[in-house]
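**Student:** Sequence:
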Amino acid sequence: MADLYGLLPGWGRMPPFLLYTGFGWRAMRLGLIQMDVVSGDKERNITHAFELMGKVSHQADMIVLPELWTIGYDFHNLGKNATYMGDGLIQRLSSLAAYTGTYIIAGTLPVKKGGVIRNTGLVFGKDGDIKGEYSKRHLFYGYLEAELMRPGRKLLYEDIDGVRTGMAVCYEFYFPRMWRKMAKRGVMLVAAPASWPAMHIYQWDVLTRARAIENGLCIAAVNMSGNYRGMKMGGHSRFIDPLGKVQAEAGEEESVLYADYDEKAYKDFGKQLAVIRLDKQRCFHA
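Note that this note's numbering numbers the sequence shown so that position 252 is 260, with each residue one more than the last.
FYI, nobody ran anything at the bench for these hints, they're computed from the structure.
Check before you lean on any hint, since a few could be wrong.
[As the list claims (entries may be wrong)] Here are the simulated lysine-lysine pairs, DSS-like style, with alpha carbons at most 25 Å apart: (1) Lys88 <-> Lys134; (2) Lys121 <-> Lys139; (3) Lys189 <-> Lys162; (4) Lys139 <-> Lys189; (5) Lys162 <-> Lys192.
Model, not experiment: these values are computed from the prediction.
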């Protein structure tokens, strides 16, 4: 889909879903930030992420960051590096969203509330307000995540400019029932921040496409790049349509991936597949 931003004198940056594509339907541009995360170096990671977001905000209507982009999997210093609702980082994310008029799905952060830490994704509206949050329900039994964090309880169903949007995090690609539940609630786009290692990238390839196909929805899967204590991260962030086709994909290195969510076309794909409407799950008995 042609990028018309900046080509119309006097119009500036056009609002989401009002971009005329030549075919008459609406499109929303996503900017997926696949960044190198230095484990435990919170200040460096935050500074770098805001540099990237500042550039991406001029070309995207929605920004999506990877999982735990502030600290990586440095769980040994989790308490010290936790994020609190209303702290300086949250205020900076809110200000950036409001200043640029961009939706920000802030990957996930180690958010501490009520004395417990959860692996939490926050959705900032283009007015800077937090529109929704999702805490990872299926914690990975490795790198101390499941031992030191509490699982979330509720799924995310957030309408972003008319698009019902959900969220899943990394390891949750292995749990198809939560994806089916989102699809049955009308979710058409799932943001999926991740920190997926290169040694298992073949599973990433299969699982991301499978979840899209079996539920008739789009997935914006945003992975880390770089190295974590000698383990290479997989990269290959991607945008997948309801037919399982990878419409855009990054390589292994740090990069920004742009993809267009075409509301009309992708809704039509989902209707043609009809997997949700024809799901006969209730017919099976244990």
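**Student:** Indicate, hint by hint, whether the structure satisfies it.
**Tutor:** Going through the hints against the structure:
1. Simply put, Lys88 and Lys134 have alpha-carbon atoms about 30 Å apart, too far for the 25 Å limit, and the pair is violated.
2. Simply put, Lys121 and Lys139 have alpha-carbon atoms about 17 Å apart, close enough for the 25 Å limit, and the pair holds.
3. Our distance criterion of 25 Å between C-alpha atoms is met by Lys189 and Lys162, whose separation comes to about 11 Å.
4. Proximity of Lys139 to Lys189 is assessed by CA-CA distance (about 20 Å); at most 25 Å being required, the pair is judged to hold.
5. Taking the CA atoms of Lys162 and Lys192, the gap is about 15 Å. The hint holds against a cut of 25 Å.
This entry does not satisfy hint 1, going by the numbered hints stated previously; all others are met.
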